[in-house]
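Peer 1: Here is how the chains run, residue by residue.
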Amino acid sequence: MTEALLFDALRTPRAKGKSSGAFYGVKPIDLLASALRALQERNELDTSRVDDLIAGCVTPIGDQGGNIAKAALLYSGWANEVAGLQLNRYCASGLEAVNLAAARIRAGFDQLIVAGGLECMSCVPMESDGGPLLFDPEVLHRTGYIPQGVAADLIATINGYEREILDQYALQSQQRAAAAQAAGYFDRSIIPIHDQNGLLLLDRDEYLRPQTTLESLAGLRPAFTHYGEQGFDAIALRRYPEVERIHHHHTAGNSSGIVDGAALVLLGSAAIGQQLGLQARAKVRAAAVIGSEPTIMLNGPGPASRKVLAQAGMEISDIDLWEVNEAFAAVALQLQRSFELDPDRVNVNGGAIALGHPLGATGAMLLGTLLDELERRDLQTGLVTLCVGGGMGVATIIERI
Amino acid sequence: MIKYKKDTDNIVTLTLDMAHREVNIINHEVGKALLPVVQHLHREKAAGRLRGIIITSAKKTFSTGGDLDYLHRVQNVEEIHHYAENLKQLFRDLESPGVPVVAAINGSALGTGFELALACHHRIVLGRPNIRLGHPEVTLGLIPGTGGVIRLLWLLGVEKAFRVLTEGRRYTPKEALEVGIIDALADSEKDMLERAKIWLLAQVEGRRPWDRQDGRIPGGTARDNAVAQVIRQLAADLTQRQQNNYAAPQAILNILSEGSKVDFDTACRIESRYFTELVSSQESKNMIQAFWYDFKAVIDGASRPKGFGKFRPKKVGIIGSGVMGSGIAAACVMRGLEVILKDISKSVAERGKLYAAQRLVELAQEGKITEEDSSALVDKIQTTKTAADFEDCDLVIEAVFENRNVKTKVMHEAEMHMDEYSLFATNTSSIPIRTLAESSSRPGNFVGLHFFSPVEEVPIVEIIRGPQTTDETIARAFDFVKRIRKTPIIVKDSWGFFASRVQNTYLLEGIQLLSEGYPAALIENVGRQLGMPKGPLALADDLGLDMALRFENQAAVLYGPQYIQHPAVPALVKMKDDLQRLGARKKAGFYDYPQAGERYLWTAVHEHFPHHRSDWSRQKLEERLLFVQVIEAVWCLQEKVLSSVPEANLGSIYGWGFPAFKGGVIQFINDYGVVDFLARCRAYEKEHGPRFKAPKLLRQMAAAAS
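Line by line, the protein sequences are chains A and B.
Just so we're aligned, residue 5 is where the first sequence starts under the numbering used here, counting upward by one.
Just so we're aligned, residue 8 is where the second sequence starts under the numbering used here, counting upward by one.
Calculated directly from the structure, the hints in this document are not laboratory data.
Hints may be right or wrong, so weigh each one.
[Stated by the list, open to error] Footprint (simulated), chain A over chain B, 3 or more residues, beta carbon under 8 Å:
(1) 237–251
(2) 311–323
(3) 531–545
[As the list claims (entries may be wrong)] In silico negatives: residues of chain A with every beta carbon more than 12 Å from chain B:
(4) Asn47
(5) Gln200
(6) Ser220
(7) Arg249
(8) Leu378
[As the list claims (entries may be wrong)] Interface residues of chain B toward chain A, partial, derived using beta-carbon atoms under 10 Å:
(9) Ala229
(10) Arg230
(11) Asn232
(12) Gln257
(13) Leu260
(14) Asn261
(15) Leu263
(16) Ser264
(17) Glu265
(18) Tyr607
(19) Ser621
(20) Trp623
(21) Lys627
We treat Cβ as the ideally placed atom computed from N, Cα and C, and that holds for glycine.
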């Protein structure tokens, strides 16, 4: 069987997803196009050899609407031969793009695919695309669908995670991210973003707060109490009646940040790698996606990880490094604790709490971060997993060559 | 049926006057009668002989709604859908040809009657405070089905329409004007018709906003993010308040959301689909049974002793100015009665009056009475420390605390000053009436009145017959209760009477579940989620664990050797005696009561009642909590504690909040299916013990049904 090889992974820096962020006013298509041009240059790519661009995007309307993948290809001057696909599996989108590309390469359908994603949350706000799970009252009624923050608080409540434990986790994410940034661990993947005059807009992640302390975290107000009071707690308790009440412990400080960013991964077969002189860094060993109970929604990383491990014929202990998306502190903690993982092998360079979570891009970013770190530490295997809206989970195992 | 009159200005007045009915209702009959009239009007319009239309009524009311007999009976969904679409089309034909139509609303317009008014271009209402307007359909598990939801959507916008439709309030004309569902008030019938004519003559053409190119729904549609966010919040709030147990408010929200995104006629079709679903649902049948048929049976006096003239009390004496006494005082003055409020001193009685005043202000804030009323009403409460002031009272109610000696003492004092005709009532929930009646000097005029707390809100009073209480006294007590707009339920002097006795089974079952090892939070959540106002453990705390035990002890005395102890009694005794946790009053029960903030489950509850049941079925838990109540209510009927099914149904909903969508504690059996219910009782009896044993009456019901 043809292996799906990883030749390159890169990403834009993550900018604050609000009007004070460095990418506010930059068009989403420009971020994706910048990433495409960087990929082309770094790999001296004959773009006509690329079969497809698969780009995850979770809010694909307005400036991210239509088919942003094909739009960005045309806009950045890539060959007309390249097809473009936008996909949406919520927060899994960026990784789903990679998994789909890998599957098609392994199936022999395609030789070379660019996969990744983008999200300019400052430009196209989260939930602005609407949808029945959010806004159709009959669908809400039947599905018991609640805001993710309340679901995260429910996970924390059920696991007995007090506020301080979540804040400690958040602090660790900040400290690890700051250390990694200072040491230049992100430099291999990050591409600086310039304006049309070549003036620098941003060349490093700007969301993180290295000065964070437990005290400053403790001072933040719970972010999802108001949703709970609106009635979403009651909806959650209908599904989880053993819970007396939900403790709202997640804050802006121990939840993922709202940011802008894009990421791309270049995948292909060994044959095309040889033809184009691309150096394989790793292979996609297995990939999996699962569905889970939708009200608590964010429990997916556990079952997705088990499924992908089973597919690869591996044990938990066979994985050298883990990247679990820090959508909320409780989600990452739950996987770490329930799998009894060594904390020093999980999110070793911080995560979305410190760096931000550009929805459609995050999966591809985590994959790139993991690949860089495996190489830096000279380790073999890594597993990326994310919790996903609607009650889903995604996971991918990569292995260095 | 419809009087047609055309004046020299080419204005046609249509006067509704249904034959053989006290009120105009909107049904097939009206539809049939209106159709040729509307067709005629279209011809007149085409011929240029029609300037405008006034619709009014020859009855005291404008129109009080749809045909509930029909809606309760009809099952076939095609038929229901057809019915809704037909009436809709008729209303549409009335409003759409461009002839302005005024509803001259001379009396109450409710439900489909108000929908007719909404289908007119302009609504003028006679400004009488006793007139009621609006859409109470939701209280019967229904929704407007003749375009009312969509017209209110276009008139008020999504959020406001949702509130008007789901609150189901009956507005006074003044309130209706403030809410924005009518356009003008008139001083007299003459003024109303004149205003109607002036308005019509000023119109060039009658076009509703939804028939105009530039028409917009106020505030926007569900396609707008801000409105979508509001809808999401309303959906969550609905679950919080009603636990997804009521389909009608949910349907209203769905229609407003879906209907706001499409044109008017398509939106109306969406309304018809939901209307059809609700009319054919068991839930609406249950609610119509309880709140229409059962209510009428009870309030019309099916259980009131016959042959006694109507009792018209004017002045009520109340002994004891605590929460109960002052609550009764507020309930009395709200309905125009004068009150003498007595306590051990005038200053103590004044405190009670102050409490009553506060309650009246709160009721005014909730819109249940007007603010002017609330201050005027307080003046109708006179305080005193002497029983001599009861001299000209038609009725004296004692509401002192539950102590037999104190109750006897205040009764003697009052009786000394009361004439032979007036009634003396004792308000008690747990002391047998006969023990007090024994020492009454006028036992024929002595009766028990069991008010529920909070008195101003709970719409029911149990009337308890003492051993010598005369039929006339019962009839007069009935009239008094009705006079203060509460539902009278006549019960036998038996332990816990009806409501408390049955309610007690719910909390005992909850305690039993706790003893069996189910998590306390689960028990509480399941109790609330199935539609009870509180979890069983919270209720036990509020009632007091000693009180829960007292009812059991009274049952033990009554049944003697036949008494089978409830399995929850040891747990109750343990809580009360060993753990000294008596409930909310002692700030320690199944819950902890912090100085500030809401109570939460006692953190140590599972140290004393270990929880080891993680396998549970919601259906079984729900059924256990409900079945015990239903079975006990059947025992009450069998033991003649109360004499009718309607009283049991309404008593259960009003008295202790039995789920209204089930239609009450006996209708629950019909809803479940009596044969299935009996079979289920047998299964539970086997598994959980004799408290699930079906009374003979239930077996007879099942036999009759099969």
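Peer 1: For the hint on Ala229/B, just tell me whether its beta-carbon gets within less than 10 Å of chain A.
Peer 2: Ala229/B check passes; min Cβ-Cβ to chain A is 7 Å, inside 10 Å.
Peer 1: Hey, does the Leu263/B contact hint survive, CB to chain A under 10 Å?
Peer 2: Nearest chain A Cβ about 8 Å off; hint holds.
Peer 1: If you take the shortest Cβ to Cβ gap from Asn261/B to chain A, is it below 10 Å?
Peer 2: This hint holds: Asn261/B lies near chain A, its Cβ roughly 5 Å from the closest one there, short of 10 Å.
Peer 1: Would the stated hint for Lys627/B survive a check requiring a Cβ distance to chain A of less than 10 Å?
Peer 2: Since chain A brings no Cβ nearer than about 13 Å to Lys627/B, farther than 10 Å, the hint is violated.
Peer 1: Closest CB-CB distance from Ser220/A to chain B, is it above 12 Å?
Peer 2: Check passes; 26 Å lies beyond 12 Å.
Peer 1: Is the nearest CB of chain B more than 12 Å from the CB of Gln200/A?
Peer 2: holds, 32 Å
Peer 1: Does Asn47/A sit more than 12 Å from chain B, CB to CB?
Peer 2: holds, 41 Å
Peer 1: Verify the interface restraint on Trp623/B: the C-beta must sit less than 10 Å from at least one C-beta of chain A.
Peer 2: holds, 8 Å
Peer 1: In terms of beta carbon proximity below 8 Å, does the stretch 237–251 of chain B have 3 or more residues touching chain A?
Peer 2: Since three or more residues must qualify, the claim that chain A covers the stretch 237–251 of chain B holds, with 13 doing so at under 8 Å.
Peer 1: Decide, holds or violated, for the assertion that all CB atoms of chain B are farther than 12 Å from the CB of Arg249/A.
Peer 2: For Arg249/A, whose nearest Cβ neighbour in chain B is about 7 Å away, the distance does not exceed 12 Å, so it is violated.
Peer 1: Using the nearest Cβ pair, does Tyr607/B come within less than 10 Å of chain A?
Peer 2: Status holds, d = 7 Å.
Peer 1: Holds or violated: is the Cβ of Leu378/A farther than 12 Å from all Cβ atoms of chain B?
Peer 2: holds, 40 Å
Violation of the numbered hints given earlier is confined to hints 2, 7, 21; the remaining hints are satisfied by the structure.
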